[in-house]
Each structure stands twice: as structure tokens, then as C-alpha cells.
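Take these sequences, add in the hints, and give me the full structure.
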Amino acid sequence: MTHWIIAPVVLPALLAPFIVLAARYHIGIQRVFSVVGVLALIAISAGLAWQVADGDILLYQLGDWAAPFGIVLVGDRLSTLMVLLTSLLALFVLLYAIGSRWDDRGRHFHALFQFQLMGIMGAFLTGDLFNLFVFFEVLLIASYGLMIHAGGNTRLRAGVQYVLFNLIGSTLFLFALGSIYAETGTLNMADLGQRAALIGPDATVGIRVASVLLLMVFAIKAAVVPLHFWLPSSYAEAPAPVAALFAIMTKVGAYAIIRVYTLIFPPDLEVTAGLQDTWLLPVALISLALGMIGVLAAKKLDRLVAFSVIGSMGMVMVAISFFTAEGIAAALYYIVHSTFAGAALFLVSDLVRTGRSNLDLTAQPPMAGTSLTSGLFFVCAIAMAGLPPLSGFLGKLMVLDAASGTDMLSWIWAIILSSSLISIVGFARAGSVLFWKSHGVETPEDAVVTSRPTTLSYVSVGGLVTLLVAHTVFAGQVYGYATTISQQLFAPEPYVSTVLETPGKLSTPKEDH
Amino acid sequence: MEILVASAIGIMTAAGLYLVLRLRTFPVILGMSLLTYAVNVFLFASGRLTTAAPPVLRDDMSVYTDPLPQALVLTAIVISFGMTAVVVMIGLGAFLGSNDDHVDDQPEGAQDQAEGQS
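Order-wise, the sequence lines are chains A and B. If you read the first sequence in our numbering, its first letter stands for residue 1, the second for the next number, and so on. If you read the second sequence in our numbering, its first letter stands for residue 1, the second for the next number, and so on.
These are computed hints drawn from the structure, not numbers from a lab.
Here are a few chain A residues that sit away from chain B, every Cβ distance over 12 Å (derived from the structure):
id : residue
1  : Gly-375
2  : Ala-475
3  : Gln-488
Computed from the model, here is a short list of chain B residues facing chain A with C-beta under 8 Å:
id : residue
4  : Thr-25
5  : Met-32
6  : Val-39
7  : Phe-42
8  : Val-86
9  : Val-87
10 : Gly-91
11 : Gly-93
12 : Gly-97
13 : Val-103
FRET-style restraints, in silico, Cβ to Cβ:
id : chain 1 : residue 1 : chain 2 : residue 2 : range
14 : B       : Ser-62    : A       : Pro-201   : 31 to 37 Å
15 : A       : Ala-203   : B       : Leu-74    : 27 to 33 Å
16 : A       : Val-212   : B       : Asp-104   : 24 to 30 Å
17 : B       : Arg-22    : A       : Val-433   : 36 to 42 Å
All residues carry an ideal CB built from backbone N, CA and C; glycine is no exception.
Shown next as C-alpha cells:
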């Protein structure tokens, strides 16, 4: 048993208290340790992804207690991919926070950042539903602190809404876990997968309720309509690097839906038939349409980006809701794309804020650093709206392709294509108002002098754009790997047998339990 | 006993939901606490209800109660307690900063009207 798989959880968990306790008043030391920690995370997660690339399942039994009695961490292709994605995103977000000095505008940014990483990594790696709840809470508590970082009244008010909405979500999660435990007597995911299949058709009430409750909890995290109301104001009011890091948090919800509804409640399971496979697709299509209409309607750039995140999550959910190997593969490709594109757009909106001190979509005098900022906005908008040549276009093609053979084919094609058009118009309007119309506006005499964003800010946004370009250039390889991931998800026997049959303490369960 | 526990959970959830829908910070936080109490009792009951039975297995033991929900409830209590403290602090900060304890966004100009009424 190798210990490396727990390193992505333990490393930030050790770094964060060290930063709080030992480097409390030294922002320089905090920065060094934070960056070194994230670099180490990238190395570790790349190593983990390399180890499982040939289809192995990594298992870590905490305290050597055998599943289903002990808590396990499981690394398969899907979870290691998400861990690698998180650590890559974290590096550029952290560099931006340092470059734009956001980390110096309040206290404990780096410690909270590390705790947030710990929660996200744990949520991706855990093999136990209650443990998933605990890691959700870890990442949420850290995100509450990051959300109101640097203070301000509007930010605090948005923070209250965000915290309360997520508290209600956590309560719902506990209700779901309670009913699952009452029905099956276990919370280990692999064990649950086996036991849910044993439930007879005469006693399905409890497990169906639990399945729907769980779907609602994950839909809150993934901001699927009608549970998306928390997202626009909290993402728009959060500090830009934090909003960029939050781009991965909606994907935690998408990951949980993929994991639970392929392993525990797979689409061919009879007791939950007619639930997620019927209802997820329509709400995903509505999310997509509503997000893109929001892009067109937004009056401020940060709201525009927040609505584009809702729209892209809608696209991910459309692909997931087919529950086929092609659909999940397309969803995974799109998840990677929309994480980088969403994060880059949030950072670009902060570049605009630095240059002109507000984000209203009205014609104002040219901002500081217009040329580079507008270039980056152009690239990110192309990626997010899904125009060729970037990965948004390829991802959309994969989703459209995976839709063939489903009942609602015409609806899916119509909504995806028309919402793309709406989002193109929205982004084009925002870009022309921000960058072109400004040349016709006289600079007033009492204008606030703003400075150009720092070079490191541009470098970190450029890094995210480079990752997007790489994601496009190596689309064939990435899609091939995504296909092997979804094949592994739809053939869960190796996962289940690795988790349940690896010996440990208490490895001979009693017959009567 | 089942009917007592079930109706207690139901009443606490209903009262909690009502308070959460009041959309002012103080009732919403009270409602959240009621909801977490309800979910704690619910989790506790998810291992089936037994009285006067130890939560451990021994060789000559015929009646026992499931220990796992008790561990889950303990975790849930600690987390919800901490979360309530966090939301009280943030809510207090927001109220003191903007002199308005509405949880939802107010339309433009509605704040002056509300102040005139109260």
C-alpha cells in the first residue's frame, strides 16, 4: 500500500496551520510556502495520474481498517484527473493573487487557500459518502473565509447569502445520507453500489427519496437551474482569484454526480429508474439557456462571467445526463475546458477592474493596459462562447455528437446551438463596449488615475490561456483518455473488488450485518 | 416511540423551514439551527430506534444499537455548530456594515421605504 495517494490531502493540511502559526506576519514567507506547496501538489498529482493511467485502482485504508468498516481513499482515472486539474488551476490562481496583491488586502489568504485545496482534493479522492460530506464542509468553511476576504459591505452581504445557501445544502446532504444509511446500512460507495442492486422492487421508496435528495445536493454545488441562485452574486462579489478558484467547485458537484450515478445508482438500476435519467436532461438544457441569456443581459462584467459559468455547467450537465460512455467522455473534456476558461475570464475581469476601477458595461475612457487585457478577453471569450479554433468548440462538437441516438435530439441541438449564438452576441457586446467604444469617450478632468496590472498578473492569465490552447492541440489524446475514464466508470467491478477485497483489520465481516 | 421521534423531526423541520423563509438574518439563523437539530435526530434514528441497549457487540449480546449513526451525529453536530458560529459572525458584520438585515437582495430604493415603515 503506497502512501502517496493521501499526500494531496495531508500536504495542504500541514501547510495551512504552518502558514497561520509560523508565518503569520510575513507575507513573503507565506507566498513562498504556498507556491512551493502547490508545485509539490502538481508533481504528486501528476505522479498519481501516471500510476493509474493503465487502469490500476489505488486504494488507501486509513488506519489499516478494511472497507466497508474503515474509511478509504480511492484513486482511479477520474479522481486523479480531477486532482491534477485542481492543482494546475491552483498554481495560476495563486500566482495571480500574488501578482495582483489580492492576498495582501486581508489576512490569512494563503492559509485559507491551502485549506480549500485540502477540501477539494479530499472530495475527489474519498471512497466514502460521509467522508465526502466532511470534505465538502472543509472546502466550504475555507471558501466562506475566502469569499469575504478583504471585506466590504456588498461582499459581506453576498457572503451571508452564500453561507446560508450552502448550509441548507449541507443539511439536505445529511438527510440524504441518513436515508441511505437507513435503507442500506453502509456509506462506503463501493459497498453501496452492491447493496443498492440487491434492493427488491417492493421496497424502493426510501432509496428513491435518498437518490433524489443526493442529486439535489450535488445540483446545488453544480449550480443547476433551479438551484443556481446562489452563484451569480457570490461569484461576482468574491475577490477575483477566489472566484477563479471557485471555478473548480462547481465541478466538484459534477464529479460527485458522475461518481454516484455511475457507481451507486447506475442508469440500468431498476429501483431508481425514471429519476435522474428523466429529469437531469431538461433542467440541464434550461441551465444552459438561462446562463447564456444571462450573459446577454448582464450589466456588469463580473455578473456576465458568473452567468457564463452557469451556462457552461449546463453544457456539462447535458453531456452527463445521457449517462453513456460517449456522454461522460464529452463531459470530462468539457469540464477541463470550462474550468480553465471560467477561471481565466474571472481573472480578466479583474484586469479590467484594475485598469478602470469598475466593471460596468458602459463606454468609459480607455483603461490602463487596454491592448493586452483586450487580447486576453478576446481569447477567453472565444473559448467560453465555443467558437473555433479553441477547445470550447471541440467540446461542444463532442456533446452534440454524443447526443445522437437520444430521444430529445432536436431539443438538445436546438438549445445548444441557439444558446451559443446568444452567448456570442453577449460576449461581443461586452467586448466592444469595454474596449472599442472607449476610444470615442473623452477622459474627464477629475478621472481617477489607475495603474496597469502587474506583469505577473498577465503571466498567470496567459498561463491559463496556454493550458486552454494545449487542451485544444492535444484534444485527440485528451478525448481518448476521457473515453478510457468513462469505460472504467461503466465497468466498476475492478473498483468494487479492489475496495472491498483488499485485506485489512476486520477484513472478515460478520454474516448478520 | 417511532411516532414521537418522527413527529418531532417533522415539526422541527417545518418550523425551521418557516423561519428560513422569513429572509431576515436572525430568524434565518434560528431556522437553520432548528433544521440542523432535526437532521441530527434524523441521522440518529437512521440506525433504527432501540432503548437501553449498548452500542457495542459482544459474544453473549442479543440486543445492541447501531454505533455508526452516533459517530455520524457527533461529526454532524460539531460541523453544524461551527458553521452556525461562522454565519452569525458574517451576518453580524453584514448587518453592522450596511444597517440592513435582509438576506435577499433588495431592489433599488426599497431600503429607504423599509426604514420609513419601521
